[in-house]
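Same order as they appear, the protein sequences are chains U and E. The numbering used here numbers the first residue of the first sequence as 1 and each following residue consecutively. The numbering used here numbers the first residue of the second sequence as 1 and each following residue consecutively.
Because the hints were derived from the structure by calculation, they are not lab data. Computed from a prediction, not measured in an experiment: that's the story for all the values here. In this text, a Cβ means the ideal position worked out from N, Cα and C, and glycines have one as well. Misleading hints may appear alongside valid ones.
With beta-carbon atoms standing in for the labels, derived distance ranges [stated by the list, open to error]: (1) E:Arg51 x U:Thr578: 28 to 34 Å; (2) U:Asp733 x E:Asp146: 52 to 58 Å; (3) U:Lys591 x E:Glu230: 50 to 56 Å.
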Amino acid sequence: MAQTYMERIQALRKQYLDTRVDMDVYNAKYLTEGFKATEGQPWIIQKATGFLHQCRKKNIYIQDNELLVGGAGFKPRCGILCADSSCSILDRELNTISTRKFDPFYLSEEGKKVFQEEVSDYWKNKCVLDRWRALAPEDMETLRDNGMIYIDRKAVRGYGETTPGWDRLLTLGISGIRKEAEEALAKLDDSHVGDLEKMFFLKSEIIVCEGVVTLANRHADLAEEMAAGCADPVRKAELEKIATVCRRVPEHPASSFYEAVQSVLSYEYAIYMEQNASSYNLGRIDQYLYPYYKADIEKGVITKEEAQELLDCLWIKIAELSLFQDEITAQYAAGYCITVNVTAGGIDQFGNDAVNELSYMAIQATMDVQFKEPNLSIRYNISKNPDAFLRKAVESIRMGLTMPAIHHDDAGIRMLLNKGVPLSEAWDWNPCGCVETNLSGRMKQYTDMADVNLGGIVEMALNDGVSRKTGKRVSISTGDPVNFKTFDDFFDAVKAHIRYFVDVIVSGNQLLDYLSMNYRPVPCLSLTYPHCIESANDYSMGGAKYNCGGGVITVGQADIINSLAAVRNLIYDEKKLTMQQLCNALAANFKGYEDVQKLCMEAPKYGNDDERADWIVGEVFTYIINQFETYDTKFGRMTCGMLPVSGNTPIGEWVGALPSGRYAWTPLTDGIGATGGTDINGPTALLKSVSHIPHARFTQGTQLNMKMEPEILAGEKGLTHMMHLLKTLCTLDVYHAQFNVINRETLLAAQEHPEQHRDLLIRVAGYTAFFIELGKEVQDEIISRTSIRSW
Amino acid sequence: MLRIERSSIYDGDGFRTVVFLKGCPLCCQWCSTPESQSFEIEYTEQNTYGRIMTVEEVMKEVRKDSAFFFHSKGGVTLSGGELLSQPGFTLALLQAAWSECINTAIETTFFAPWATIHSILPYVDTAFVDMKVFDRERHKFYCGVDNQIILENLLQTNTVEKPFRLVVRVPIIPGINDSEEELEQIGQFCSKLRYLHHVQLLPYHRLGTETYKKLGRQYLLADILSPSAEQMLRCQEILRKHVEQVL
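Bound conformation, chain E alone (with noise of 0.2 Å):
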């Protein structure tokens, strides 16, 4: 466990309590929270990074703000890291939310064997699929792992019964993934994914640089800056001619 923040407002509807897994396969270089990618608990000057806890210990955490769930239709958010790399523990977290009608989401690479995705996704009301770089060798370059596997699971997702609301999750980086030959290629095979809900547009932000210098790393995309409204806005244009929604 990296870290559990309450009163979230990004990660899914309403007031989200988001529990932050530790450790993921990916690195990928923009990464705003470098200190979840180690599977090991990290210690600096100033600060530990990941501790152990119980499925139990965290639910008494998320049970906290259930007036808040109920009133804005929040919930749990389980995030990362990467939960995946992490079955069995996700699993039953997941559950475990969902035997107490706790609201459910989660925030994936979808790096993982497709059967631990399916084992999951009965429990999970909304997923949050990052789609990062379309084209596989830049993907492998950013990102370090190949991105066929994350590509074949969002078209397995097609076959589950169970509906559940997907969201494709595109982080903005000026330069690295805004051309529009890239968008072309994410926007076509969005349209393809039967549970999409809607396709969200991130603009990228520099908020994790400290975090950086605190672990004595270097940050590798020094000098890209966030893109702008209007960026956004062409970006959201290319879109919208491959799929409804685009947030």
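The shape of chain U in the complex, shown without the other chains (with noise of 0.2 Å):
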């Protein structure tokens, strides 16, 4: 069957790359004069006006073959500033935020003038990040400024991280949910108690609601322009349906699969100018969309090659949000990454597999678009769901795309029982951003507002709480390790420096936990979480039904598990070096000391199913676990989770040379993996190490980026062995994994630029060697294996 509908989808694609990246103040422009016209007013009121006005004013757009329209910034991919979150960014960028490294936008010279004469004064001291800065405990600061954590995030860019209710906003529609805020204002009395702080809420409520319906009508209004001038009747046709699709949604429950898509995309832009943030994600798309498509197919209103064209209309709408953040902050996640998740699969209410038409065409989708944008993911339910769903995800994945990610559904849900959601909720979870869990419509909770250095802990313990870096000072006194007479000594100091860590990130929580409930009111996302209309109390307050302490982000698990096991064989079990030896080789960076070096790289290395590096897996992050799970914030027990996104790199950079062999300042290791090139037993050990970690316990989820080597996926037989690793990996309970596929291109690039590809590991005839350090007669040899690859 000729797919005519990927014409229009090449042609959106085309649209999209050639757009450049540019930097949009005219949100907070707007903003700004909402805020100025109700000054003196509650916060929240404020917002909502600010909100309102850029709703009203914003420049709006329909691009060439779009069927779904509408647009966070006054052009397509821009970045936003959010002024209330961290308008000083500007101040500090403004002429170098066309130009830097990561993640640049462009700004004019008009942007600028409008950014320094109608916004900047403004929110000085009064956006979230000056007062952040204002008020950062002094241990913190040490502790950030020395690179042992990373905790500015949160204060840089706003919530996310969280599913709205889809299924609210279709059924309800806006005015559904306004007609719930008004019924509840009208039953409140301002000479109760607590009763003014909820009308407050209440009333910011009908507020946005009446931005988000007037931008959509503003949409309707132009493509009814537009169709009027349309020379082209097809095209014509496009536009006038547009109009009529933006009339009703998403003020009005949506009536056809059409309409259920271009209310969830006017939502997502909605609540994304509200607060510039990573991951408002798309959730459950497969469950929530099904009714409309099943509805529309049965009615014979649209077809399969349609619906599916509209999917992938989204998926580009959606990769058209940038994410916004500083210059620092973009290296922790470099590629303007929104990480919005959407996910298919899993199982449904009464327990049964939720795999259905949508499911697949979810992944159909992200296979035709081809954007690393949304971040799509399944739920494998390895007792539920049909091998066919599996394959199709193998078949994505088969592609490069490094898509979808597999969550093994059981641990999922597990994570979300540790969060406090009962087994008659914790079902219709679903992944969220990159690996964290999330329940639609239910659940606020910040998932990442730190990252923890766990190679600069180790270095902590070895240096007595010295920075090798800055020669400062930054954690307790834990003594000379010289002194430390048994493993368990040393272990001890590790602890210790854990446990003083944990102690100082959560000092910074509870800051921005009180900083986020003053001055971070989000109406407009609180319109799709029913609690906060019950409540009537933001999703900022508490308001959702679920509440979940913050999530700290661990990084460089396999540095602490190497460099502990390390530790322990050289120079505890084996004695091959003594502790003064090895102080000695960390502080030169293994300078003079190349034996040692050598060593502690031939010391047993997570990743190879090698009990002698794996035995301290669980009890290490459990005891990182279980600190973290002793402190409640305002909204809970602590969370942590796994996923370093870009974030090993820059931290690398703070640490030191350490027991793993790893040299100093360079990128830590990535997710909950092996350290590149150390993992050299194959797949199959790899997840055996991984599977000691106590996944569900890490209720952010845990990160697993496998690469593998084309042979395993070749022909009918490699999708065939793809499944079974993955129901394995479901066996062993680990609960993510994401792959790279090492092709043909990847060998070649390899062979031309060695220097980047240092790490890369191949399986040959027998040994597992460095790709670069074979002979070119050999690594042709490779090449030309992959493309006879049936034998």
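Build the complex from these two chains, which are given one at a time in their own frames, with help from the hints.
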């Protein structure tokens, strides 16, 4: 069957790729106008009014070929300055933002002028970021400024990391939600204690409803106008349809698949305009869109191909969101990544298989569009989901798209249970952002309020709490490591620094919560959290049904494990080194101690199913999560995850040489995988090592990036191998895996630029070797084998 | 023991843990694992080839992937070297795996007394037997031994009672064993085998050349290139005249 819809998708892709990423300061301008117009009123009313101004005044557009419309900025692919969050970033980066190394945003001279004259002054010492800097505890600043933690992220960008109540939006529409707010407001009495605050909240809800509907109607007007002037009858009809759809949704309940998809998109843009933030997830799209799809197919209103086209269009429109962050934060998660997670599969409320036609179509959309956004994942339920579904996922992975990410469903459900959600709702969880966990319309959380440097913790234990990079005391004193008589003495020092780091991070979290509750209301987001209206309480104040304590990301899991294993193995078990020798070598970054470095590299390594390294995995990570969970916050116990995005590189620049054999200032290991080039026993051994992590206790998820050799995935057998591997992943209770396929192109690139592919491991006739170290002849042999793969 | 390799997908069904024994009575010129030929432990500057292990030590490694075996119907594959040259160890390991319901496969030349083969076959799910060169003299030239005993052993398998899967493997080495005459003879012979599951063609490769260098040995077939997909298809067609399943 010829896929005619792909012509449109290709055109939209090209349009997207040809669009420069710009900086939008106009949202900030209109927001500021709204704040000024309501000066002296409650902050949430000011915020809602600011949002209404954005919706009324922002520049809107409809691009060629589009079926779904809208946008957060004044043009597509903008980064948005969210002035109430972090206005001062632009003060600092005004002249460099267009050209900075990571994630530049083009800002015109006119834009600079608007910012300086109409935005900047108003927010000085007022935006969350400025307040955060002013109130930051000293011990937190010390750890941060010495690279032991990274903790400014949530002052820089807003909430995100949540999944709106899509069902609520689609079934009630904004008008239905507005009605709820109005009815609730009518019942309140401002002479009752506590009602006044509720009234402020509900009034702000009504104001933002007005904003969302206004913006949709402006798009309807524009489409009508464009249709009137359109000579092409086909496009004219499309524009008329767009006008009809935008006139109905998101104001009213969706009455068709088309309307449902546009409604989702319109609201997604709206909450992003309210708070520049990552991961406002689409969630379980195959579930909440299915009733509309099924009805339209049955009525003959839409064909499967047309529905696929709309999903593909949605994918492209989601990719148009570009996350704005400051220069430093961008290093930790580069690529404008908005990380909007969308998921398929899993189970339904009765515990039955939830896979339907749309589950496959969601995967197909990623295969069609081939962008990195939205971040497609599947909830793979090994006991309920059909093999055909897993197979479709593997087909997509095999294309080298790295998506979908595979989530072991049962582990995700247990993470929700551990977050305090009963099983009666936990079945409905969805992956959030990278690998975090969430519950549509019911859960508030910051999933990654800080990164903690696990390599740094090892350094603290081996250097008495002093940073090798800066020479400053940054943590507590645990004494000269030479005095550690046993491995346990050393391990106790590591634990002492863990305790100290945790304590400092939690004080940062308490401050963040204070600032968020007072200065970061999100009335538009609150619309789709039913409990917010019921309790007349904003999302930021804990209005959602379930609230979670701040999430902390541990970075460098393999580094801490390999370092602990090397210390035990080399110093205490086999006595190949003394602590003094090791410390001297680390202080010198192994210069002049090449023999020590060799021993360190040869010590047992995580990722090989070697118990001499893996024995401590469960203990270390259980200790860390236990420490965090002893702390309560306004929103519940602290939580943890292992998802360094790209943070392992900048955080590594602060860490000196480690007993793992890692050189100073080089990246730490990403996710929960093995350090590049040290896992030489193949994928099954890697997964066995990874299975030692207490995954379900790290309720913000655990991220495993795996590189797959092309031969494992080759041919019909390859699909089966991969499916078996994924089923075993579930059996081993590993939560997540994402796959990079080393294909022919990778190998050719490695031949050309060996320096960029140093850790590319290849298994050759019985041994594992670094590809770049093989002779050209054998390299060519391996490359040519990828072309006769059926043998 | 030479080494144990995990997550192999070539040596039987599913994910396999391949146990390579050291020492082989043949010395095929194209051998891709020359470090497996000598019965002695070999030392080079960077590597040590070979170690002593007990059956239980090996089983401990094999069990590590039992979850993968379960889903993929994989298991342990005994390879070489030539496992039939260490019959006591081979039998004990196969029995141990068999008793734990781990699927077993062997990769062998069948160059051994029939009695040895007969004793282990009850514990073997799949046997991969190489048929390298059919002609007796040329086999002797390229592999160092007479192939009479190999062919006789293959025919003897027709007499065993417990069924097993027999896979005859033919490495396709351009210019050496890919002539029509050669392949015709192999095909005719294979058609007589009662337990033959399929004939598997393996394209010759030179991935072992690095190891020859490390061992300080000369690789005699340096000029021979890997067969193309078209060459492989041609060989497959010839064999298909005699045998139903040629992969």
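Tested hints:
| no. | hint | verdict |
| --- | --- | --- |
| 1 | E:Arg51 x U:Thr578: 28 to 34 Å | holds, 29 Å |
| 2 | U:Asp733 x E:Asp146: 52 to 58 Å | holds, 54 Å |
| 3 | U:Lys591 x E:Glu230: 50 to 56 Å | holds, 55 Å |
Checked against the numbered hints given earlier, this structure breaks none of them.
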